[in-house]
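K.L.:
Next come the chains, spelled out residue by residue.
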Amino acid sequence: MTATETQSSRASTGVNLKVLGPILALVVLVVVGAALNGNFLSAANITNVLSRSAFIGIIAVGMTFVITAGGLDLSVGSMAAFIAGLMILVMNAMLPAMGPGWPLVFVGMLTAMVAGTLAGFVNGFLITTMRIEAFIVTLGTMGIYRSLVTWLADGGTLSLDFGMRSVIRPIYFDGILGISWPIIVFALVAIIGELVMRRAAFGRHAAAVGSNDQVARYSSVNVNRVRMLTYVFLGILVGVATIMYVPRLGSASPSTGVLWELEAIAAVIIGGTMLKGGFGRVWGTVIGVLILSLIDNILNLTDGVSPYLNGAIQGVIIILAVILQRDKKAES
Amino acid sequence: MKFAKITAAALAATLAMPVLAQETKVIGVSIPAATHGWAGGMNFHAQQAVDRLEKVYPELDFVLATASDPAKQVNDIEDMLATRNISALVVLPFESEPLTSPVKAVADSGAWVTVVDRGLAIPGIEDLYVAGDNPGFGKVSGEYMASAMPDGGDIVVFRGIPTTIDNERVEGFQSAIDGSGINILAMEHGNWNRDDSFTVMQDFLSKYDKIDAVWASDDDMAIGVLAAIEQSGRDDIKFVLGGAGMKEMVAKVRDGDPMIPADVTYPPSMIATAIEMTAVGMTSTAPVSGTFTIGSVLITQENAADFYYEDSPF
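One line per chain: the protein sequences are C and D, in this order.
Numbered according to the working numbering, the first sequence spans residues 1 to 332.
Numbered according to the working numbering, the second sequence spans residues 1001 to 1314.
I should point out that these hints are in silico values taken from the structure, not numbers from a laboratory.
Wrong hints could be hidden among the right ones.
[Unchecked claim] On the chain C side, residues computed to face chain D include the following (Cβ under 7 Å):
1. N48
2. G155
3. L249
4. P307
The beta carbon of each residue, even a glycine, is placed where N, CA and C say it ideally should be.
Next comes chain C alone, as it looks inside the complex:
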């Protein structure tokens, strides 16, 4: 194939595919799912899939900004487990004084938000001010949070007091107009994220920093501040995701949130954000998250594929989705 041919084929199909790739993959999955099982499009199933996507989804929106600004965060899964454990411990500790009720739920929420903000700040501080590689810092904090939650739980499981569990349960299972809270919160986070990425100065600055931090610095962008804020926002969103997570089973254990970081990063990349930074797409991330949860759902709804191969099928689809949207920049 000559250079001109490559160029023209890119111009006619490549550009479209880059934008449409994730959407096409999602549509194909929905069609396959509907064909394989009659209950796939039922309201209950759709609600289940969307609600369970919300944890990874909310985190992945924050991860989109971190990756766009040229960073990475491997600690989010452990961080979520640690924050969930902390939230449960604080609520259990305050229960005798406050009694089960919404004020105590708000204390729990506040705990999660404060812990998330601090955790994000620690990552950001070590990466920007201490100038340590993001991969190393977050690999370190990943181990720290995972150990902390194992220690807090004494190796077992931290369980929310039973009376409190029925109070907090509606946060995951109820909603308005039949749409559950996790779905609503995920949608709001995604919409705000998309607006910030497209319309706000912060989104442009994040892309500029991720594309070339020297140039961004000369253009009077406060590079450290932008990087720091992406980690703090991600920490806050991990806190929000945890607030959605704890009401589901009312427990946190050392196996909570294992591999969430990789799922979030995979969703961001499937959605068209560049792993090396400089370009981010929040709506793409949302589609990436949905693709990942739909694969799981469809595999559970069908027989015929050995469950041992679930991971392989997910892997193939992740790679295919990325090939579909590959552009010249990525190839060169």
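Keeping the supplied structure of chain C fixed, place chain D upon it in accordance with the hints.
P.N.:
Chain D only, in chain C's frame:
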């Protein structure tokens, strides 16, 4: 002054030395870290056994090491052999293959070796093997299912992390329900994890309009299954059978929860059995070598109180 101190110390050492050299034996205990509920319970029981036995046998010293992966466990065992001069090793191998040659090195050094739960890849290395009964765990579970559903019915099965342990349990279960009229609609891996099992159960509920019962095969998985059933509001599922003997689930059995009528043990306290038997072997002439299989027992409302450990994290 200094001279006097040193002399005193030397004198004390000389007097104490023969006694120490003859009497004190070090028992190394190497187990996986508390990364899930069952392992957490096992760590608890190991610590309790060590604390108790150090008081009972002043001539025994214990070294307890927990490892988060097989490589770390190999390092732990090598350190025990090199620096603590252990007379016996109690090991619950993280994985059979990688731990086989390091444990063999301990046995070759002349130390006593007790292997717990997961066996080694080569038979005959260990002096004592203490284990739960995985096929028996499946069998007891299957027999309970068959007795609880005399007219048969449709069930879904949750499997653990894909391992030989899981395979043995499922095979035991399948042969026990053979011919009982119980039909397994589907089997899926819940990976001994609450979150995964919650998700899988939601999908099973979408897929099947009628499920009579669930063999969750593990208490962590049973908790996720129960949450999904509760959310769906369905009343066709009559009961869920977990396993392992988590204290919250034992409490449900004891209190007569209709959804959790029974449980099947796979006690994490088997590590304590192994440590105790090793200590007996080190301090007495009672023979303890061989294989000690701890049977899986059916917990029902009648005997649940005997299996409830208030202080254990599991």
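K.L.:
Can you give the numbers of the hints that this structure goes against, from lowest to highest?
P.N.:
As far as the earlier hints go, not one is violated by this structure.
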